[in-house]
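Q: Residue numbers (the numbering used here), protein chains in the order written: chain A, 1 to 281; chain B, 1001 to 1364; chain C, 2001 to 2263.
It is worth saying that the hints were derived from the structure and are not from the lab.
Among these hints, one or two may not hold up.
What the hints assert, rightly or not - Here are the simulated DSS-like cross-link-like pairs (lysine-lysine), alpha carbons at most 25 Å apart as the crow flies:
1) B/K1195 to B/K1210
2) B/K1165 to B/K1193
3) B/K1314 to B/K1291
4) B/K1051 to B/K1356
5) C/K2123 to B/K1051
6) B/K1066 to C/K2123
7) B/K1152 to B/K1066
8) B/K1113 to C/K2123
9) B/K1152 to B/K1193
Keep in mind that this is a model prediction, so the values were computed, not measured.
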Amino acid sequence: MAKPRYWSVTEGPLVLPAVLLFTAVYLYPLSRLVAWSFFTPGFSIRHYRALFAEPAYVTAFVNTFDLSVSVTVMTFLLGYPVAYLMTTISPRARAIVLACVLVPFWTSILVRTFAWMVLLGRNGLVNHALAALGLVTTPVALIHNRIGVQIGMVHVLLPLMILPLYSVMVRIDPAWLRAARSLGARPRQVFLHVFLPLSLPGIGAGGALVFLSSIGFFVTPALLGGPRQITIAMLIDLMINDLLNWGFGAALALVLLVVITVFFVVFQRALRLDRVWGGAV
Amino acid sequence: MVRRREVLKVIGTTTAAVALGPFFHARPARADKGELVVVTWGGSLVKAQRKAYFEGFEKETGIKIKDDTPPTPAKLKAMVESGNVTWDVIETDLAAILTMRKDNLLEPIDYRKLDTRALDSIYPATRLPDAIGSKIYSFNIVYNTKALAPGKHPRTWGDMWDGKKFAGGRTMNFGGGVTPQLEIALLADGVPKDKLYPLDVARAYASMAKLRPLVNKWYGSHAEAIQLVTSGESAIACTVGPRGIAAKREGAPIDVEFNEGKLAADHWCIVKGSRNREAGHAFISYAIDAKRQAAMSQEVPYGPSNKKAIEFLKPAEARELPSSPENEKMQWWWQAAWWGEIGSDGKTNRERETEKFARWMVTG
Amino acid sequence: MSRIALWAVAGAVLGFLLLPLVIIVPTSFSASAYMEFPPRGFSLQWYRNYFTSRAWIEPTLLSIRVAVVTMILSTVVGTLAAFGLVRGRFRGRRVLEFFLLSPMIVPVIVFAIGCYFLFARVKLIDTPAALYLSHSIVATPLVVIIVGSALRTFDRTVEQAARSLGAGYARALWHVTIPLLRPAILSAAAFAFLTSFDEVVLSVFLGGPAATTLPKRMWDNVRHEIDPTITAVASILIAASIVVLATGEVLRRAAERSRTPAS
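The following block holds chain A by itself, in its conformation from the complex (with noise of 0.2 Å):
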């Protein structure tokens, strides 16, 4: 295929500076922790033998996907109405909503987590609010279960899920809506056979980035989750700073990258997702 010659200048290596920082500051850092994790002094794959041999290492693994899905798509439903009013209203109000939603994101996670504590908390007050509204005798345990560490780990990634929703939903050409309309589609099969396709990279993009933070999270399950809320980074953590067994540590990370690497490759497939963003295929 003949190109246009203004193609001329191919894009590619403009990966080149992430490539280098990266392989500066990240991969040959790393490659040290890998190799601890198969050396022990001589070569040996103990770590990872006494990795798959314990079904608790298993069980931390699953509680982190279980948390980290379901946030995924907790902070989906509740981010897609978000973002898409904004794309609706005036730049005043829509100021006056990004600001809701940018405001609470500067204010550490650590203080955060320390609020909701004092909010959920069996002398919290949603518990005081609940029990005036007559729904509850005895305070519910809202906090050191799955659902605390849901609300706390949701309201810290919300913003991740509705700043990348917005900012491809704002270039929805409105001449499409329009024009489904025109051909007499009512607003609900406007909305699901036109807009929410259109928005598909946003729904990756947020969910891309929710997940994979959320796969990281630590300081949330630790405050405010029970032992079901282990998860695999915390375990990590004590490998690393407490006992100094930094092979098993790398081990266990090695093994994580791994598992959702195979992960995101099975969900992109499954999904058709490299369509709409696993790249220009």
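Dock chains B and C against the given chain A, drawing on the hints supplied.
A: Coordinates of chains B and C only, in the frame set by chain A:
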């Protein structure tokens, strides 16, 4: 083609400038002489240490003390193994020292360089080849006084295990390893405090399983435990007693029962490869002095590692310290020997049991 | 009707986002020495604590500096990489993309240990430079994802039109493509800034007495006791962010007004 090369060149130089720019910042001067980096647990603790030790030491020797926190074993190991030692003296507990010792991260203490008069009254058990006692802490029953009135409060670990006699959630530590949870589980199960070691691990876990349904939070840090009890989220905590006392003095609805508590010491250690070993020893020598330790105990309710320090305190000040004569009698001393034993797997008992505890927590 | 439902749902979500502020802001004025709600008494001691202490102000300034450099570095590098990944035609693009996203999955503590050895060798431990570089690794994946998704839906015909009208590649990029990608690039930059601004593990490992960031200072503060100083810090940052957002909005409107002649 020319254009493309130009574009890439501009992008390249911009990136290089942004990436390399930071390197042209002046590096902070770190004098090898005249400065000592002391790493402790921070917060109100380091404030008290500055007042009781650092300021006087700086004045007396002219050596500036820079404090840093936290003394995490992982950072220490990275420092020592990379040969980039920026810490000189650290304060940490014996459990962490066991791990650091195994990885050869500490210098031996040269006792000839320490104040011999002060040394004589330092708890003998805290005079170790690579560490020397800095203060005494304890693990106690810490309870919410609104939920459990003092006088009708839990007095033994057996009470903490008894959900019928004492209502309310319990909180115990998940972070920081598995000691003293195993010892306390054995005490709750009826093992006398002088027959704890060697630990009957199986019995300890059987006892822990009985406590588990009562625990509404396995906490990660001791500050968190105090917050849980203060807010009434949990009625009873097994946590560091002196922190409970400190919160009580701030007006929190909280109190501490010293009976059956674990007594242990924090230690001063000198980091392997420290460039200021002389100054480090001088500092430690300064900080084991009885009078200065008494001043420290007036700031924060930890016990002095120098037994004579109690003499410089008023009875009222000494009463709430973990190592006051009355409180010491009610408690038991933590023994590191068993925890430091290395098994056939090359792991210390502490390492093996901490891993097992984490697995018990996840799957139990 | 559906409009009302949309406002109700979105309003509830925004309420949820703002809910912790209901605790954070009042607690910061509390007279009590620990976090409790409702706060007892009124006091400005936690603000005084913050504003009169170099131990708080210096970390704040350093954090801002580190976050700004991280934002610039990772937005530039990440945006370029997104262009290369989306528009480039080379083998292994997928693998490379995953490589650039993988810092989000690798637990920070693992990365921090590895980085320590690298920076120890080049004598960068306890300097801001160590934080710029390491924070950029953590922030760049966010930029790659956000800008990449916007680029994938980018209508290249606009750019082609500019080129066919005689604009060079760089000119078309600067005057057509970049402005159209602005919402994505701006949100990517915001996330990069905030990722750095709230990062604690790398700051503990690679920082030190000479390079202490605000989050590290906050963790140091709560490790021993949880007093309301951190809520005062949070309230100050919230106030600052509102001022920044409001100023930006005012400037944007002023610029718009000056562009469109008054009629």
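Q: Among all the numbered hints in the text so far, which are the ones the structure does not match?
A: 4, 5, 7, 8
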